[in-house]
Amino acid sequence: MNITWYIVLSSLLFATGAVGILLRRSPMVILLCLELMLNAGNLALVAFSRMVGNEQGQVFAVIVMVIAACEVVVGLGLIVAIFRRRLPLNVDDLRELRG
Amino acid sequence: MTGTAWAWLVLLFPLLGSIVIALGYRALPQKAAGMIGTAAIGLSFACGIAALISLLGEDADARHHASSLWDYASVAGLDIKLGIYLDQLSIFMVLVVTGVSTLIHLYSYGYMQSDQGYHRFFSYLNFFVFSMLLLVLAGNFVLLIVGWAFVGFASYALISFWYRRETATRAGMKAFVINVVGDIGLVLAAFLIFRELGSFDYGTVFERAPEVFSVNEWSITAICLLLLVGAFAKSAQLPLHTWLPDAMEGPTPVSSLIHAATMVTAGVYLIARTHVLFALAPTAADISAFVGLATLLVAATIALVMTDLKRAIAYSTMSQIGYMVVGVSIGAYGAGMFHLMTHAFFKALLFMAAGSIIAAMANEQNIDRMGGFAKAMRFTSVTMLCGGLALAAFPLTSGFFSKDEILAYAGARGGMYLIFVVLGYFGAFLTAIYTFRLIFRVLQGEPCAEARELIETGHVAHEAPKNPATGEPEDTDVGFPGPEHHIAEQSAPMRVAMGVLAFLALVGGLVQVPGVDNVIANFLDPAFEGPVLSHVHPSIEWDWIGLAIGGVISLLGIWAAHWLYVANPERPRALEQRLQGLHDFLFHKWYFDEAIDLLVVRPALAIGRFANRTFERFVVDGMVTGTEETVRSAGGIVSRVQNGFVRSYALLLIAGFAGLALYFLLSSS
Numbered sequence: 001m002n003i004t005w006y007i008v009l010s011s012l013l014f015a016t017g018a019v020g021i022l023l024r025r026s027p028m029v030i031l032l033c034l035e036l037m038l039n040a041g042n043l044a045l046v047a048f049s050r051m052v053g054n055e056q057g058q059v060f061a062v063i064v065m066v067i068a069a070c071e072v073v074v075g076l077g078l079i080v081a082i083f084r085r086r087l088p089l090n091v092d093d094l095r096e097l098r099g
Numbered sequence: 001m002t003g004t005a006w007a008w009l010v011l012l013f014p015l016l017g018s019i020v021i022a023l024g025y026r027a028l029p030q031k032a033a034g035m036i037g038t039a040a041i042g043l044s045f046a047c048g049i050a051a052l053i054s055l056l057g058e059d060a061d062a063r064h065h066a067s068s069l070w071d072y073a074s075v076a077g078l079d080i081k082l083g084i085y086l087d088q089l090s091i092f093m094v095l096v097v098t099g100v101s102t103l104i105h106l107y108s109y110g111y112m113q114s115d116q117g118y119h120r121f122f123s124y125l126n127f128f129v130f131s132m133l134l135l136v137l138a139g140n141f142v143l144l145i146v147g148w149a150f151v152g153f154a155s156y157a158l159i160s161f162w163y164r165r166e167t168a169t170r171a172g173m174k175a176f177v178i179n180v181v182g183d184i185g186l187v188l189a190a191f192l193i194f195r196e197l198g199s200f201d202y203g204t205v206f207e208r209a210p211e212v213f214s215v216n217e218w219s220i221t222a223i224c225l226l227l228l229v230g231a232f233a234k235s236a237q238l239p240l241h242t243w244l245p246d247a248m249e250g251p252t253p254v255s256s257l258i259h260a261a262t263m264v265t266a267g268v269y270l271i272a273r274t275h276v277l278f279a280l281a282p283t284a285a286d287i288s289a290f291v292g293l294a295t296l297l298v299a300a301t302i303a304l305v306m307t308d309l310k311r312a313i314a315y316s317t318m319s320q321i322g323y324m325v326v327g328v329s330i331g332a333y334g335a336g337m338f339h340l341m342t343h344a345f346f347k348a349l350l351f352m353a354a355g356s357i358i359a360a361m362a363n364e365q366n367i368d369r370m371g372g373f374a375k376a377m378r379f380t381s382v383t384m385l386c387g388g389l390a391l392a393a394f395p396l397t398s399g400f401f402s403k404d405e406i407l408a409y410a411g412a413r414g415g416m417y418l419i420f421v422v423l424g425y426f427g428a429f430l431t432a433i434y435t436f437r438l439i440f441r442v443l444q445g446e447p448c449a450e451a452r453e454l455i456e457t458g459h460v461a462h463e464a465p466k467n468p469a470t471g472e473p474e475d476t477d478v479g480f481p482g483p484e485h486h487i488a489e490q491s492a493p494m495r496v497a498m499g500v501l502a503f504l505a506l507v508g509g510l511v512q513v514p515g516v517d518n519v520i521a522n523f524l525d526p527a528f529e530g531p532v533l534s535h536v537h538p539s540i541e542w543d544w545i546g547l548a549i550g551g552v553i554s555l556l557g558i559w560a561a562h563w564l565y566v567a568n569p570e571r572p573r574a575l576e577q578r579l580q581g582l583h584d585f586l587f588h589k590w591y592f593d594e595a596i597d598l599l600v601v602r603p604a605l606a607i608g609r610f611a612n613r614t615f616e617r618f619v620v621d622g623m624v625t626g627t628e629e630t631v632r633s634a635g636g637i638v639s640r641v642q643n644g645f646v647r648s649y650a651l652l653l654i655a656g657f658a659g660l661a662l663y664f665l666l667s668s669s
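The listed protein sequences correspond, in order, to chains A and B.
Reminder that position 48 of the first sequence reads as 48 in this note's numbering, one-by-one numbering, no gaps.
Reminder that position 341 of the second sequence reads as 341 in this note's numbering, one-by-one numbering, no gaps.
If you are wondering where the hints come from, they were derived from the structure by calculation, not from laboratory data.
Being a predicted model, the structure only gives us computed values, none of them experimental.
All residues carry an ideal CB built from backbone N, CA and C; glycine is no exception.
Worth double-checking, as some hints may not be accurate.
To give a feel for the contact side, a few chain B residues facing chain A, derived at Cβ under 10 Å [to be verified]:
no., residue
1, Asn643
2, Phe645
3, Val646
4, Arg647
5, Ser648
6, Ala650
7, Ile654
8, Gly656
9, Ala658
Just the calculated beta-carbon pair ranges, DEER-fashion [to be verified]:
no., chain 1, residue 1, chain 2, residue 2, range
10, A, Thr16, B, Ser639, 44 to 52 Å
11, B, Thr627, A, Leu78, 37 to 45 Å
12, A, Ile67, B, Ala661, 17 to 25 Å
13, A, Val29, B, Ile637, 28 to 36 Å
14, B, Glu629, A, Asn90, 35 to 43 Å
15, B, Glu629, A, Val80, 43 to 51 Å
16, A, Leu87, B, Ser639, 21 to 29 Å
17, B, Ala661, A, Phe60, 16 to 24 Å
If you want the ones that stay clear, here's a sample from chain B, every Cβ over 12 Å from chain A, calculated [as the list claims (entries may be wrong)]:
no., residue
18, Val20
19, Leu28
20, Leu43
21, Leu95
22, Leu192
23, Val212
24, Trp218
25, Met416
26, Ala492
27, Val511
28, Asp525
29, Phe585
30, Trp590
31, Gly644
32, Leu653
33, Phe664
The shape of chain B in the complex, shown without the other chains (with noise of 0.2 Å):
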């Protein structure tokens, strides 16, 4: 079988599984459910290795495909194929998706159990994957919009999961509004495009733009502009963010697939895939990189106060992508990509682990109230210990090298890319104590009374479940938090999953060693040839020089964390009353969902209420109200007639037929 064939499989899967549990959702048993739907994502991994094989079996320089089912819209001069496009990029990001996504679904098997809605959970689940692998494997604009706004109604559906639970339906229609913003700026970008170009496939699109643009043009800048806003909306950068925090009302698994490992990544990917429009405009390019800096430091700072859990561990993630944008805006493909895989692994990880404590504490998130976790579930301590180890960048870790790989090519592009190296640093100082601040304060310190519980008694008993955000009693009906919890310590295949995402979060970025070996960077690069930026190579020893500086800036901070954390466990409450200020602007998640209500949800609430007072009230009532009374008028003056009386009707027939008898005796004569 040939690659793109595999390729088709891959979609295949997930779209089977999520119609066959959806349709059979009354007579498959809960736990076939499950099965199915992980054993679909697991068959479509396997048929995204095969394909990668079947790549690797041919030359560098040949493995890209384009494979088509069925002409999508063929009219006019427009010839949309339903097609797919395979090359390194999208088989890297396929085999990123379906890898963690068949883990998450195992972890997922075990941590839903007790809830009502398992079936449509994993529905959803299987055809999240298929959106995402859509977007990934699409081979023109047209599928790639598809799958974008797939990827946005399943993200949507998942994160108002628990939908009696009001918190979590806003927060479904925050992220679904922000993304169609998004959205926009994606169809405009693809309509330009056409415009310009006259396709919308890949090839012809990469292959005709350097041809028709000339660098930094307006039209190919504009463009890449708009690509930017879809990619910011989907991949949470400022100031399209506000989105992601409160998607954590999501169950965990979904935090931990779509709004960690994969989905948020999708803006990332497209940058990639897109980087010949990107190289014909380096201001756009540049852009996307400050904005994918700003975001990095504004989500770290938050990161070190937030008290909530899984909100904390959100903004990790919007300050991680905010690093890949930074890699794949300033060239560095190889090493954004990179650091994206390695992101999913330990991310993934740490929600996995949160969604573990946060169902030892029946619901509660706040970190404040968690505490000596580390006696009381050992495996769900280590584990969560490997994530963030790999967060923080500590060596030789996964999170080491890639994250450093894409300072060290800042760092090599010199000049105004300095600025990306020397503040890059500090974001990892702030995320090795953001990190640390997290799992010392819920690993380490006196054990709270559920870690209690557990030692002594070796289980839990919960209260009646309540939302962590309002305080109101839960409806278990929906599900969630079900009669009983799951954590990892009971629960073999949520040990599994977290298991195997721990390794590769230890060991994952060996495959990528300055100076030793270069595995994901060499299968990349033939993907990435042709802008001018590829050439760019920091040297080795650059490299090394890099990862020490890194290697040095995480022990430091975590050092940090544990002075502030663990040293003293008063100093960082007087911390934040000397710098009360800070700390409030910083709790405030600096302000930036009462700007975005004051500069775009007021103004537009007001327009929309003076339309209402007037435009509506008079033009589109008047329109409506005028036609209705007009018919009823008329009606009302024919309705006279109809009077009943047989005789007015013989009159006004017998008046009738002599007034056109009259009429033609006068006109003939």
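Excised from the complex, chain A in its bound form (with noise of 0.2 Å):
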């Protein structure tokens, strides 16, 4: 099995997200690209793992996937208290912890 372009497509997905973290400046935004990048991580290990013809790979996306849910509580967590302390919500505006 060539699994060419299945990395191709994982890079650019990663690409995509490492971009719109560096770009954008929504907190919001900066999560789902984030979301992008450990998706692009899943089909990457997917895709090996169907290549080398064991589970070990497939078990690793079901724990990246799980971690991936943990970080969305805590960020829409973070972002919703944010929100609520009618901060700006703009992560260049958020930069009390300069050293």
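Mind docking these for me? Both chains are given alone in their own frames, and the hints should help you get the complex.
This is the structure:
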């Protein structure tokens, strides 16, 4: 089985996510881009798993999904908290922690 | 119980007393603190007697014991035990120290009563006695150094006891610094001893020394000279003596105990204790004897013109210690230790009497302002006279026998040592003059205002107390002189202490009368077995001839003092004017302070300033600020990355991982 196209697709998805994180300012979109990157990774894992012929890669993909779910819970929670405090929903304005 | 067990108890009581008083100063009433302090030393004295009895029960040659509680340090060939060495010499010193200390504690009980720092005073005083006992009982050089340093600290603490008095704190620092110079000498000597003999233990060192060293070899001479540096600093011998007169800033009982009777004789003890080494280095011993002689004369001449009562007595102490140093250096160990004992009696007594008078004068110490106390304070003046007679070696008093014994011994050695006889008698003449100068000026003559008040009303009312040195008002919160002064006439404990000492000063010499009895020398002699010198003995005829000369000289001196200061009160002033140059020279104490300032202090300061300007500024500061600058600028660069922009963090993260991935890809292919 040739996995080249799967990997190409996965890399494109990953690059899209990374560029999105770097360019967009809304935390909501950044969270979405993060999900995109995670799923690009999942795609690669599943593709490799099929190539090798065992299920370990798929198990990893399931675990990554769980972690992604957790991450979304925390991330969305943060966004709601930011919204409630009427802080700007813009990551460039939220830079209190600068060194 | 064995002798050494008693000796451990001797050490224990003062330490306990010091700790109990120090920790319980809130809970203990004032009187209790004084009683605990005095009782601790009294018990220590009793244990000392018990140890003596246990020693006397043994054969004269077997009267030395070492005992140790535990290992102090045991590493790399070094074996130091927390051990004591009990022999005739140490038990003799223990008895003198604890005996005189008990009386001085008793005196302080009355004298310091209105002082706010009463507890502190007794705690320090007990600590001092503990340190002094540790010094004399130590069984090796390490413990000796510990005791040596402890007494230095105790002396410092007690000189600066009235710590709001600037003169007192300065005097304390001076004493401490000069004593540290001596400590360095002692420590270096101990190092050398260890290098040459491989042990710090007295027994081993003294046993091995004659086998290892040949006479006058450079190493043993160096050891002895370094020991002498320590001894001279502690015993206020030239040129390390300038701290002692300044130490009179402390309370009078302190001057009496530490700076007259006990601590300053530690140097004499050290020379006597290491007599085995000095016998192998006759050159060092002779140097020591000549320094003692010089001190004896210099101090006696200064005492002739001092107008400060306590300082005059302090110079007299230096002079008398000069006699002891001469004694133990020329080999008259028994005589030297005998003079140490009698001197402890009469000098402690003289200081107590002086304290009583100074208290009556509201802290005034200038004898020009005193006079006529003979009628005002009978008890004080009688005891002062007893002390003065003993100091002036009046026939049949204690000083008469002890001082002449040293000189008779010097005469018996003959040759060069005849110088000591001649100049020693000259010193005795000066001693008689300055002693009776003090007595005549203070006790005789027109009563001063304070004395008249005492005669007429029976009490003394004091104006606001002033520091005698600077004239500024005293801070009575810290204590002295407190709202009320205590003089011997009105305080029973002070009278008891002075009475006992006066008795001892008068008859204490009778234990060792040539041809009659020889208690102390006979007891001590086995401890000094070995050196050839201990077999030189003046014949009894010469002893008595020496005593006769000494008696005549003493009487002559007293007569001269009478002629000068009583017969015609104008005469001293006329003499001062005629010998203006000499008087100035003596009054400035031979310019020793100035010389030390010029030769040591100023060069040291100059070197310090130079080092501060160059080394400190450029090298040390350069290193420190250089390090700091590097860290700060590196931090500045890195902290710029922490800009708070989440997206730039992400960029760094992604770029970093991409870089890493690239690296691994490229390196694996």
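Against the structure, the hints come out as follows:
no., hint, verdict
1, Asn643, "holds, 5 Å"
2, Phe645, "holds, 6 Å"
3, Val646, "holds, 4 Å"
4, Arg647, "holds, 6 Å"
5, Ser648, "holds, 9 Å"
6, Ala650, "holds, 5 Å"
7, Ile654, "holds, 5 Å"
8, Gly656, "violated, 12 Å"
9, Ala658, "holds, 9 Å"
10, A/Thr16 <-> B/Ser639: 44 to 52 Å, "violated, 33 Å"
11, B/Thr627 <-> A/Leu78: 37 to 45 Å, "holds, 41 Å"
12, A/Ile67 <-> B/Ala661: 17 to 25 Å, "holds, 21 Å"
13, A/Val29 <-> B/Ile637: 28 to 36 Å, "holds, 32 Å"
14, B/Glu629 <-> A/Asn90: 35 to 43 Å, "holds, 38 Å"
15, B/Glu629 <-> A/Val80: 43 to 51 Å, "holds, 47 Å"
16, A/Leu87 <-> B/Ser639: 21 to 29 Å, "holds, 25 Å"
17, B/Ala661 <-> A/Phe60: 16 to 24 Å, "holds, 18 Å"
18, Val20, "holds, 59 Å"
19, Leu28, "holds, 60 Å"
20, Leu43, "holds, 69 Å"
21, Leu95, "holds, 75 Å"
22, Leu192, "holds, 60 Å"
23, Val212, "holds, 69 Å"
24, Trp218, "holds, 67 Å"
25, Met416, "holds, 83 Å"
26, Ala492, "holds, 78 Å"
27, Val511, "holds, 86 Å"
28, Asp525, "holds, 83 Å"
29, Phe585, "holds, 74 Å"
30, Trp590, "holds, 70 Å"
31, Gly644, "violated, 3 Å"
32, Leu653, "violated, 9 Å"
33, Phe664, "holds, 16 Å"
Going through the hint list in order, the structure does not satisfy hints 8, 10, 31 and 32.
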